[in-house]
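Engineer: Chain by chain, the residues run as shown.
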Amino acid sequence: MTIFLLMWPLLAFGLELPLLSASDLPGDDGKAVLLLWPRMPYEASEVFYVVQGAEGPEGPFEEIARFPSNSHYRTERRAPFWTWRKGKDEHFFVVRTIGGRPLESGREYYFRLGVDLGEGPSFGPAVSAIPKPNWFDFKKLNNLIFMVLLAGVVLWFIGRARKKELFLRRIPGLDAIEEAIGRATEMGRPIYYLTGRLGMSSVSTIAATIILRDIAKRTAGYDAQLKVPHTDPVVMAVCREVVKGAYLEAGRPDAYNEEINFYVTDDQFSYTMAVDGMMVRERPAAVFLMGYYYAESLLLAEVGASVGAIQIAGTDAEHQLPFFVTACDYTLIGEELYAASAYLSKEPALIGTLRAQDVGKAFLTAFLVLGAIASTIGVWAGIEHKIDYFLDILRDFS
Amino acid sequence: MFLRQYVPMAIAFVMGVVFAVQYYVPHPASEELLTTVNDWLIVVSGFSMVLGLASLMGSHWAKVRRGGPGWGYSLVVFLGILGTLAVGIASKGKMFAGEELTLTALGWVYDNMLVPLQGTVFSLLAFFMASATFRTFRARNLEAGLLLTAAFLVMLGHVPLGEYIWDKVLGFLPPKADQVMGWIMNVPNMAAKRGILLGVGLGMIATSLKIIFGIERAYMGEGG
Amino acid sequence: MRKLAEKILSMDRRAIYLLMASAALLPFLTGPLGLPSRVSPEVKAVYDRIESLPEGSPFLISMDFDPASKPELYPMAEALVRHAFRKNLRVIGMNLWVTGSGMAEKILSDVAEEYGKKYGRDYVYLGWAPGATNVILGLGQDIYKTYPRDYYGNETSGMPVLEGVRTLKDIPFMVDLAAGDPGIETWVVYGKAKSMAGGCTAVIAPGMYAFLNSGQLVGLIGGMRGAAEYEALLKEMGKATVGMDIQSTTHVLILGLILLSNFAFFATRRRR
Amino acid sequence: MSPELLGAWVAAGLTLAIFSFLYKDNPFFKFGEHLYIGISVGYSITLLVFNFMIPKWWTPLFREGRMSLLVPTVLGLLIWTRFFPRFSWLSRWAFAFVVGFGAGIAIPRTISNFIFRQVESTAVPLVSRGQQGVSFGWGDFSNFLIAFGVLSVLTYFFFSVEHKGPIRPLARAGVLFLMVSFGASFGYTVMARVSLLFGRMYDLVEYSSRGYGYATLVLLGLMVAVFLAQALSKKREGG
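Residue numbers (my numbering), protein chains in the order written: chain A, 1098 to 1495; chain B, 320 to 543; chain C, -5 to 266; chain D, 11 to 249.
Note that these hints are calculated values from the structure, not bench results.
Heads up, some of the hints might be wrong.
Unchecked claim - Straight-line distance between alpha carbons at most 30 angstroms, and here's what the computed DSS-like set of lysine-lysine pairs gives:
no. : chain 1 : residue 1 : chain 2 : residue 2
1   : C       : Lys229    : A       : Lys1185
2   : D       : Lys174    : C       : Lys1
3   : C       : Lys81     : C       : Lys38
4   : C       : Lys163    : A       : Lys1183
5   : D       : Lys34     : C       : Lys1
6   : B       : Lys487    : C       : Lys233
7   : C       : Lys1      : C       : Lys38
8   : B       : Lys495    : C       : Lys229
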């Protein structure tokens, strides 16, 4: 009887209350409930929906949220098309707390929805749901697929690179190396090769030692004088082996000399000053700065340029690139350093990875072009929501 | 071979797969697993930090013992470590003590030695930068010219005096110096940085995958 | 003319050092130049976000820098903490760079004293912990397990300042002040912050624009200029504002040097 | 001498010692630099002990008996086998644990933050719809430039095909975008370096005041005198 009386004003206006449904929110840790109810004809910004919740069927019901009835449409939730239908025909609300207390999984909760036309809300019947934890978050499905595909591509290309040689484009900086060494031989002046300031665990140092091997082979052939000042004893030991091997391979073990690689100091600025001093005295014709550098990049490249050396740099130290680019004749930028080392070493793992990354880049490039065109058309034609089906593929919904 | 090579590879594989998959599993059990193992690893990081610090001390100690050129400086390093440690233990590792928050001995060393030393070492770069700019920043070709122009505009828009000069000299132009700088940072600079980021992201994922599948084994150290 | 140009180009490096030192000392001799910096949208966004927080909200500030970037990030941290205390937010401080611990402690306790804030109720300093990535991940899981004790050895659970905070998700806004790695990128990738802004040295600021554009950062305070802008927004002239004078003189000197060297360069080249 | 005054003298002296490098590499600088390394290592150890080892490891494990900490303790001890070459291979187990975990957690999070979020904010509409219908404004032009820039930079770092044909101009545009961004970085970096200079200059100027006993000036004078004496004695030896 009381219920009838409360509903009376609504019935008098010919309005009916929307039918509320409650269910466990999928893809979460079991601490939320999803409420859904259809759109009603009387929705307007002055009409409010009131969501209430309780821990038992009899209440007490506490207010959880109150919002204008022309909001909280399905379209407003950020979720991918494969878990969530967008549209304005239904409203949604995600409940995480009742009266400030977080929901617990496995417990039954009761909810009811009220419509407030300005004279206090009228409520429909209560519905219940039990939040449950889930074992997979389908919103992250695209992330998982991306990972699996990329893993497949990486493994496949490494496997292929082991069987046959994959094409890698020649890095222009490598041609400059030949020229620089030739010039140093002509002038009878030394060549300096620096491997950066990190140890053997760094990818850039490894790349630097691989390039050193190639350069040492050439200097052995030309009988040019190579000098490799070091800041890390372990890197020096590795480079001695590398250079020795290169001279053997070039058929010039007689020209090899342990003193090609020498240790200066591990201290940043003292090392830099010492190398700068040597460069000023010996005026090398070519200077190679490969590997990872910190602030000393500036000092080294500046002095090299001032003695008139051909300088070729290669680093993935992004902050130092501006200095190398301005002071050197050629600079291998970031990944180009790895590419150069993969090109020279022919190591399948390196080449395969590089190729796999290229596939990834090609995919992203294509997606970007299509995505930009599609979303432009979307705005043009006013069909943005349709375009979302495509853009959702590479969207983050975590 | 089995214990030295395959066991670590298996450990890396299991850990990698489990914690990559954990990301997709919202169940509380999976979150609990992440919390627990992650807590362990914070403790392990403390242990590995000792390794790093100890090897640095070891290399300087070796220099002092061998007495080669510059061994005195290694002794300075050593005295610095021991002195700070002594002061640190006396101050229980805190900068301030008591209700009045008076500076402890460690706080004194920190404020009057560590802060000025480190700050000054890096401030040397201001000088190096000025000279390097003067000696190498030349518009030799289109690339260098673009780099130079961008740097010039950013520097001009970055300081009040630059904005002032812009207003006096180029005030008739609609954009102000700081707006020009803002556009360079937000548009062409951002685009290039994002391109690099995408490449770096792919590289990081590829490297992680190679670690999991035992192709990349640099973490095993020598002979791995 | 060409001789002069060649002479200029081969100027001793120490002459430039001397010029630089003079430019840096100039504002100390002349007194403040009094030129204002305009406030950029990136910085304003951080300020507005803090302004929009209701009183008593928790606010996390991670001070991931060391003394080498003190002149840039120290004033920035001071300004942010000041702003948070002014808005009566509950400030949670921490740091991931071991040699920065002392500075972070000093910033919090100095500004707290200035505003009469009480430790444990209005603010807390969680301190430094090893393993940056794990610390950030851990905060996303459970703050009390990652930091069972604060910097001073007090138990964190039950602290009034942390009431209602279990993970990063319970913190409506955080700022990371970073001088490198671990820093903003680490927080972006491993943190589960609801909303985050970055403050950083000018060296890494350009790289952060990608995250700003994508909305992963709501705002960005870059270098001393950013700190000065923030001080201007707070209407509290601090060390960053003072420092902008020497930025002005030295920047203009370097700009002049670039122009001079390029003129000289082209003068020598044209004759060849 | 109060601790504060002594502090000013020490700080001024060390600052000048490092700055003396601008004249040339010299023992003052070397002393300061090595002292810096020593103090920062000492400070790190202190914090490691007082903020980590004692409160987060020793106390919970041995005083409160949290046995779950035994696992990381064993892993940590395995890492320490690197100190003993005979057993150092054992450290690989611990490193594999740490590195494997790191690789695992990195992959999905990198995909989400470095790939997806970046792609999403690049593939945006290049026109906007306003009151007067569809238009192409300055903001749209900037968005176009961003999309084009990202694309061309990605193309530049593409190694599987030669930069020939239509790829060539695209890769070339990529280089130009990179150059602008390097220039912008450079312009920004100047500010960072000058900031540090400001910090040191500020202190030096402060310490040259009377309250600090003209610390900066006295020490600077002494240092110049040493360099002069050295230069003179070298000249005499040479002459």
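Engineer: Work down the list of hints and note, for each, if the structure agrees.
Structural biologist: Evaluation of the provided hints:
Of the pairs offered as hints, the one joining Lys229(C) and Lys1185(A) is violated, with about 46 angstroms between alpha carbons and a cut-off of 30 angstroms exceeded. Taking the CA atoms of Lys174(D) and Lys1(C), the gap is near 44 angstroms; set against the 30 angstroms cutoff, the hint is violated. Of the pairs offered as hints, the one joining Lys81(C) and Lys38(C) holds, with about 16 angstroms between alpha carbons and a cut-off of 30 angstroms not exceeded. For a cut-off of 30 angstroms, the pair hint linking Lys163(C) to Lys1183(A) stands: about 26 angstroms separates their Cα positions.
Among the hinted pairs, Lys34(D) with Lys1(C) is consistent with the structure: their alpha-carbon atoms are about 22 angstroms apart, no more than 30 angstroms. Proximity of Lys487(B) to Lys233(C) is assessed by CA-CA distance (about 27 angstroms); at most 30 angstroms being required, the pair is judged to hold. Under the criterion of a C-alpha separation no larger than 30 angstroms, the hint pairing Lys1(C) with Lys38(C) is inconsistent with the structure, at around 47 angstroms. This hinted pair checks out: Lys495(B) and Lys229(C) have alpha carbons roughly 23 angstroms apart, not beyond 30 angstroms.
Checked against the numbered hints listed earlier, the structure breaks hints 1, 2 and 7; every other hint is satisfied.
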